[in-house]
Amino acid sequence: DSGVTQTPKHLITATGQRVTLRCSPRSGDLSVYWYQQSLDQGLQFLIQYYNGEERAKGNILERFSAQQFPDLHSELNLSSLELGDSALYFCASTGGLAGVPDTQYFGPGTRLTVL
Amino acid sequence: AQKITQTQPGMFVQEKEAVTLDCTYDTSDPSYGLFWYKQPSSGEMIFLIYQGSYDQQNATEGRYSLNFQKARKSANLVISASQLGDSAMYFCAMREGPRSGYSTLTFGKGTMLLVSP
Numbered sequence: 001d002s003g004v005t006q007t008p009k010h011l012i013t014a015t016g017q018r019v020t021l022r023c024s025p026r027s028g029d030l031s032v033y034w035y036q037q038s039l040d041q042g043l044q045f046l047i048q049y050y051n052g053e054e055r056a057k058g059n060i061l062e063r064f065s066a067q068q069f070p071d072l073h074s075e076l077n078l079s080s081l082e083l084g085d086s087a088l089y090f091c092a093s094t095g096g097l098a099g100v101p102d103t104q105y106f107g108p109g110t111r112l113t114v115l
Numbered sequence: 116a117q118k119i120t121q122t123q124p125g126m127f128v129q130e131k132e133a134v135t136l137d138c139t140y141d142t143s144d145p146s147y148g149l150f151w152y153k154q155p156s157s158g159e160m161i162f163l164i165y166q167g168s169y170d171q172q173n174a175t176e177g178r179y180s181l182n183f184q185k186a187r188k189s190a191n192l193v194i195s196a197s198q199l200g201d202s203a204m205y206f207c208a209m210r211e212g213p214r215s216g217y218s219t220l221t222f223g224k225g226t227m228l229l230v231s232p
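Chains A and B are the protein sequences, given in the same order.
With the working numbering applied, the first sequence covers 1 to 115.
With the working numbering applied, the second sequence covers 116 to 232.
By construction, these hints were calculated from the structure, which means they are not laboratory data.
For clarity, every value in this text was computed on a predicted model and none was experimentally measured.
We put the beta carbon where it would ideally sit given N, CA and C, even for glycine.
Be aware that a few hints might be false.
To be verified - Far from chain B, some chain A residues (derived; all Cβ distances over 10 Å): (1) Thr-7; (2) Gln-17; (3) Leu-30; (4) Glu-75; (5) Gly-99.
What the hints assert, rightly or not - Below are the PhoX-like pairs computed for lysine-lysine, each with C-alpha atoms no more than 25 Å apart in a straight line: (6) Lys-131(B) with Lys-185(B); (7) Lys-118(B) with Lys-185(B); (8) Lys-224(B) with Lys-57(A); (9) Lys-118(B) with Lys-224(B); (10) Lys-185(B) with Lys-224(B); (11) Lys-131(B) with Lys-188(B); (12) Lys-57(A) with Lys-185(B); (13) Lys-9(A) with Lys-224(B).
Isolated chain A (complex conformation) (with noise of 0.2 Å):
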């Protein structure tokens, strides 16, 4: 257990919709990463906060947004949701004392389906 939660662990949802998806890092730590696993993109980086502030972006589509709350749980909204946004969705979390530096503590992923 990497101490990384996400929920919810599966969503199946129709195209043209929103969905959230939630992600409380390790304790201590502050950076939360947001990646899309799919089979003919690999890992994707979408998007990076620290501490409540957006640090680096990635592949990010328009229809994706993120934010990272005070309590530095964080979420990804993905909306007008087509057929290709069907993916794994991982959260990861560092920047604390745990563990080794800058090492990626993922979380169990999001499995999105797209109908």
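We have chain A; now place chain B onto it with these hints.
Frame of chain A, contents of chain B only:
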């Protein structure tokens, strides 16, 4: 150019044998870190081992060791005495720049390892 290259899409090994998964990297930064992660069929990403660019010795964690050859820019993962539970996808990743506590990582495309009885 890809920053992390894993040239083996799939590898097969027999139980109890050792296996090496290849990873080459590309960076001009003198300070960097290299990571290996395991992703079993259940989907979670599990951190295995870390090597810093200034570390004098190759990293080891139990049955995992990292064969770090700086001049060749390679960071191969060696798994000794393979077990059936080692069957999984393995990802190599790199942090560029000094440790900051919040650096981003670049991941390779992964190698699928299958361990047979």
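* Please confirm whether Gly-99(A) is truly not at the interface, meaning its C-beta sits more than 10 Å away from all C-beta atoms of chain B. => At about 8 Å from chain B, Gly-99(A) fails to clear the 10 Å cut-off, so the statement is violated.
* Far enough from chain B: is every CB of that chain over 10 Å from the CB of Thr-7(A)? -> At roughly 15 Å from the nearest Cβ of chain B, Thr-7(A) sits farther out than 10 Å, so the non-interface label holds.
* Asked: Is Lys-9(A) close enough to Lys-224(B), meaning Cα to Cα at most 25 Å?
  -> 24 Å, holds
* Lys-224(B) paired with Lys-57(A) [C-alpha distance capped at 25 Å] -> 20 Å, holds
* Taking the closest pair, is the beta carbon of Gln-17(A) still more than 10 Å from chain B? -> 23 Å, holds
* Assess, step by step, whether the Cα of Lys-131(B) is no farther than 25 Å from the Cα of Lys-188(B), and give holds or violated. => Judged against 25 Å, a Cα distance of about 28 Å means the pair is violated.
* If you draw a straight line from the CA of Lys-118(B) to the CA of Lys-185(B), is it 25 Å or shorter? -> 15 Å, holds
* Take the C-alpha atoms of Lys-57(A) and Lys-185(B), compute the straight-line distance between them, and say whether it is at most 25 Å. => 29 Å, violated
* To do: Mind checking the alpha carbons of Lys-185(B) and Lys-224(B) for me, to see if they're no more than 25 Å apart?
  => Given pair Lys-185(B), Lys-224(B) holds - Cα atoms ~21 Å apart, limit 25 Å.
* To do: For the pair supplied as a hint, Lys-131(B) and Lys-185(B), confirm whether the alpha-carbon distance does not exceed 25 Å.
  => 29 Å, violated
* **Least C-beta distance between Glu-75(A) and chain B, which was stated to exceed 10 Å** => 19 Å, holds
* To do: Starting from Lys-118(B), check that the Cα of Lys-224(B) is at most 25 Å away, please.
  => Holds, at roughly 11 Å.
Checked against the numbered hints listed earlier, the structure breaks hints 3, 5, 6, 11 and 12; every other hint is satisfied.
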